[in-house]
Amino acid sequence: HLIDVTGRKSGNLYGFAGIEQGIADTPISLSLAAGYESGAFDGAARGGKLDWRVGASLSRGGFTVSANYVGAVRPRATAGEPKRERGLVLALGRSF
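Using the numbering used here, you'd call the opening residue of the sequence shown number 557 and step up by one each time.
No lab work stands behind these hints: they were computed from the structure. Don't take every hint at face value.
As the list claims (entries may be wrong) - With beta-carbon atoms standing in for the labels, derived distance ranges:
hint, residue 1, residue 2, range
1, Y592, G617, 17 to 25 Å
2, P638, G567, 21 to 29 Å
3, T634, D581, 26 to 34 Å
4, L614, G574, 15 to 23 Å
5, G595, G574, 46 to 54 Å
6, A596, A635, 41 to 49 Å
7, A612, A635, 21 to 29 Å
8, P631, G578, 28 to 36 Å
Cβ atoms here follow ideal geometry from the backbone N, Cα and C, with glycine treated the same way.
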């Protein structure tokens with residue numbers, strides 16, 4: 557990542573991989589993803605951030621309801637920075 561003239565991180569790098577698989581003969585899909593981020597947006601003074609999510613979605617009649625359990629880990633977090641964060645994300649979407 558890049559450091560600007562004030563000494564702050566100014567660039568950002570993020571890479572991820574994920575997979576989604578539908579369950580045969582059902583409107584349900586399961587998904588899993590993981591990523592790594594380093595730079596101005598990783599939320600850590602040193603190092604980077606690992607993030608992940610595992611979820612399921614249900615699609616019917618143009619609507620999709622999904623639930624994902626998500627988290628982030630900052631292995632080199634300093635005092636005062638959160639080392640781990642996680643939570644549940646629920647979403648409702650409509651396609652047309």
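The hints, checked one at a time:
As the Cβ distance of Y592 to G617 is approximately 37 Å, the hint placing it in 17 to 25 Å is violated. Range check, P638 to G567: about 22 Å between beta-carbon atoms, so the 21 to 29 Å window is met. Distance hint check for T634 and D581: the Cβ-Cβ separation is about 50 Å, which falls outside the suggested range of 26 to 34 Å. Between L614 and G574 the Cβ separation comes to about 18 Å, which falls inside the hinted range of 15 to 23 Å.
Checked against the hint of 46 to 54 Å, the C-beta distance between G595 and G574 comes to roughly 20 Å, which is inconsistent with it. Checked against the hint of 41 to 49 Å, the pair A596 and A635 fails, with Cβ atoms roughly 21 Å apart. At roughly 37 Å, the beta-carbon separation of A612 and A635 lies outside the given 21 to 29 Å, and the hint is violated. As the Cβ distance of P631 to G578 is approximately 34 Å, the hint placing it in 28 to 36 Å holds.
Checked against the numbered hints above, the structure violates hints 1, 3, 5, 6, 7; every other hint is satisfied.
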